[in-house]
Amino acid sequence: MSALDELMSEARQQEIDPPARGFHLDRREFLKTLGGGLLVCVAPVREFAQESGRQWQGHELPTELNAWIHIGADGEVKVFTGKVEVGQNIRTSLAQLVAEELRTPFDSIAMVMGDTDLTPWDMGTFGSRTTPTMGPQLRNMASAARDVLVKTAAARWNADASTLTAADGKVTNPHTRESLTYGELTRGEELVENVPSDPPLTPATDWKIAGTPLRKVNGRDFVTGKHRFPSDIVRPGMLFGKVLRPQGYHASLVSVDTSGAERVPTAKVVHDGDFIGVTAEDMHSAEQALAAIHANWTVPPQISNSELFAALKKGSSSEDSRPEFASGSVPQAYAAAEVKLDQHYTVQYIAHTPLEPRAAVADWNGDKLTVWTGTQRPFAVRDELCEAFHLPAKKVRVIQPDMGSGYGGKHTGEAAVEAARLAKASGKPVKVIWTREEEFTWAYFRPAGFIEVRSGTRRDGTLVSWEFHNFNSGPAAIQTLYNVPNQLVQFHPADSPLRQGSYRSLAATANHFAREVHMGEIAFALGLDSLQFRLKNLTDPRLRAVFQAAADKFRWGRSRPEEGHGFGVAGGFDKGDYVAACVEVEVTPERKIKLVRVVEAWECGAIVNPDGLRNQVMGACVQAIGGAMFEAIQFKDGRILNPHLAGYRVPRFSDVPEIEVILIDRKDLPSSGAGETGLVALAPAISNAVFAATGVRLRSMPMAPLNAIPGDEPPRFQS
Amino acid sequence: MADFLLQVNGEELHVRGFAEESLLFALRNRLNLTGAKYGCGEGQCGACTVLLNGKATHSCLTPLSSAVGVQITTIEGLERHEVLTPVQEAFLEEGAYQCGYCTPGMILSATALLREVPHPTDEQIVEHMNGNVCRCGTYPRIMAAIRRASAPAGKGASQ
Ligand code: FES
Ligand code: FES
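The listed protein sequences derive, respectively, from chains A and B. Our numbering puts the first sequence at residues 1 to 719. Our numbering puts the second sequence at residues 1 to 159.
Hints are computed from structural coordinates only; laboratory data are not their basis. All C-beta atoms, glycine included, are put in the ideal place defined by N, C-alpha and C. Don't take every hint at face value.
Ranges of calculated distance between the beta carbons of each label pair, as one might list FRET restraints [stated by the list, open to error]: (1) E82(B) <-> P589(A): 32 to 40 Å; (2) D168(A) <-> E93(B): 21 to 29 Å; (3) A110(A) <-> E93(B): 21 to 29 Å; (4) E93(B) <-> H250(A): 50 to 58 Å; (5) Q71(B) <-> D274(A): 30 to 38 Å; (6) L13(B) <-> K226(A): 15 to 23 Å; (7) L13(B) <-> V254(A): 41 to 49 Å; (8) E82(B) <-> I303(A): 55 to 63 Å; (9) S162(A) <-> R80(B): 35 to 43 Å; (10) N707(A) <-> P63(B): 46 to 54 Å.
Using 25 Å as the maximum straight-line C-alpha spacing, the simulated DMTMM-like pairs for lysine to aspartate or glutamate come out as follows [as the list claims (entries may be wrong)]: (11) K592(A) <-> D122(B); (12) K553(A) <-> E12(B); (13) K208(A) <-> E76(A); (14) K226(A) <-> D122(B); (15) K226(A) <-> E12(B).
Selected chain B positions facing chain A (Cβ under 8 Å, derived; list incomplete) [said to hold, decoys possible]: (16) D3; (17) F4; (18) G10; (19) E11; (20) C45; (21) R80; (22) Y97; (23) C102.
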């Protein structure tokens, strides 16, 4: 697969609409507004350049710039990127990469991110793509900028550029001991430079700023409450808005009486087709007004959790799926196999539940609209707004303050459009913050899935046949990394009863769950050690290395679980990241699962910031506990039955075991993004550990929906 | 609408609002103190935590009228003359956040805990902090930050 195909396949799984517009900004003009200096631009991503003119779903792919760097007369380096900071720490790690290549102190770098008027177009912050794609682009630009600065100094001194050195924000001539700061070099200049195709980059082995564990760059603003998240933005004269929600999915409005709302002081009703909203001068009055609207809806009967998997298995109404991967002859190999297993696995819908729900503040100035909102895709939200209000791109600005995270759940611009609509009707700025219940009901979910696995193995533990069908949850990481000569691996799209979309690590979690639990089942059927069985069928040295690292630290095979405890292992690969986890669980006589210990080993190439990386991987382990053990959306007849944190349990302090993260730093390999794959190994490792403890095989996520393993029998302990 | 006199971060502040509206909305929308966050509005997440007479309290469930006559401390009130409290320092040193949205609530809950129990056990920390959700999963580092803030004997988190 070319890099472009990969990106497009990723985009499809993220439910992402293609870009409607590119970014065209006059660089000279832009430089003037910055007050001169040096502006370095990068040519389009190479893959895009090669494929220029290529269409994707009828839209021209971006052929313009992806990022740029400006060095001002004060020596401040401004880096402009359309990527956004959502807690994954790229405001820090990208600045490290720039500081490294530019040879300038880390704190001279200011990142300007996710502002559609200031930063180049970007498809969005998802798919762990910032580090592998934006990282190299910024490094290229910084390296080119350094080259320009050195040449400028050489010209001033009439010296040979190759004899000069750049370090610490200065160019120095070692012979004359003269030096000029970057600010002095760019002062009064108006330089626009395009990056040559392959400027020299500093190898990770020589990194001094990149590769170090710097803390979040603006951490102080978070511990003092100074940082303004999207929901904290205030505009002069701002009103508060609320939107009337239907009583269920696919509901139609029968009648509505808004007179009660009109009587609430300062409240105004905005009724436009199927959109009914209110504004008021304070949040409380807006809530009162919304509550005073009486609406009748009819909601058609719809399926519930109990019918979900049969519905998904039926597939889609327009099925056009083909195997993701096929080799050899599965029917023959399966027939001839000595040990055959045929099992299915299920995964429920879960909700992202970002602690900051969707929020937006919209402000119209004449026909120019500015919206501050929490989104992973500011340019896509701009497109949504352009479409909703029939505006050209230059009339809409979307600004994304660093937000209360998203986990793949904030790709869309609902709150932005709602706030803009209410602001337009009221002639004042309007803030809309979704309630937790709205976030649980009207956002979108991680797809549920039904997965069938049929395997054939020889008695000696050699895999010979592998058939894997995923219904609905997605094709991410669907292919096995184990060596199997005969394979059929297929994703079957289905008509999802609930709105579904992107979620941190996509279907890689579901596919790893099915695959790695099944591997545990085969190992048990053969009477082999679970780890040894995996290693026997695995050649990829990077995956072997993480399995080995996790196992060594965990003392796999060298210690025995106590009575009622069990050990489990699982691992895998996605998006350039390799991960393996060993876990210990305790199962109580009441069938409660208690996670005791997790060791997760991780490798994603050269580590840009080990502190941020450790935080991400650790956080992914914690978040994974929820989907593995208890998170599930309950639904019936178009309604969500547990749209509150009281009914939808997320991991808390008391759920967190001892977690050890082992980072393997491969300075010889390119860095890949680390926001997602840390999730995938935990659930199957837990299932395997519970089986080891009790002989009960859990094949459904969540595994302990009511805090306990389903069923009434006290577990029969193995050891 | 009525007038309320609140004591916020050591200052007397007049607020015009509704008796039954939440202290969270009053702080955020009427006093422009946006450090307290909305996460659920139902007492389930702790993002809105403030101190009322030193006790960690969900401001989303506190009616404005009942906040009169008590000392209200928000995250904005911890730093004095550019000096952070030990808990804030500990969160910085441990890097105990990712997106940082839960951080104000976490810091205030931890501050209240350390006032009451200067050297809590891990079990006490978990029990006290369990109402605070960090969806980014930064719990191990938050635990470490609270342990760190409680470490210097006698200092605790008494700001
Ligand atoms: S907002 Fe108050 S507890 Fe969640
Ligand atoms: S750091 Fe994101 S919710 Fe805690």
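Outcome of the hint check:
no.	hint	in the structure
1	E82(B) <-> P589(A): 32 to 40 Å	violated (55 Å)
2	D168(A) <-> E93(B): 21 to 29 Å	holds (26 Å)
3	A110(A) <-> E93(B): 21 to 29 Å	holds (24 Å)
4	E93(B) <-> H250(A): 50 to 58 Å	holds (51 Å)
5	Q71(B) <-> D274(A): 30 to 38 Å	violated (48 Å)
6	L13(B) <-> K226(A): 15 to 23 Å	holds (19 Å)
7	L13(B) <-> V254(A): 41 to 49 Å	holds (47 Å)
8	E82(B) <-> I303(A): 55 to 63 Å	holds (58 Å)
9	S162(A) <-> R80(B): 35 to 43 Å	violated (54 Å)
10	N707(A) <-> P63(B): 46 to 54 Å	violated (33 Å)
11	K592(A) <-> D122(B)	holds (21 Å)
12	K553(A) <-> E12(B)	violated (56 Å)
13	K208(A) <-> E76(A)	holds (20 Å)
14	K226(A) <-> D122(B)	violated (30 Å)
15	K226(A) <-> E12(B)	holds (21 Å)
16	D3	violated (14 Å)
17	F4	violated (13 Å)
18	G10	violated (16 Å)
19	E11	violated (16 Å)
20	C45	holds (6 Å)
21	R80	violated (11 Å)
22	Y97	holds (6 Å)
23	C102	holds (6 Å)
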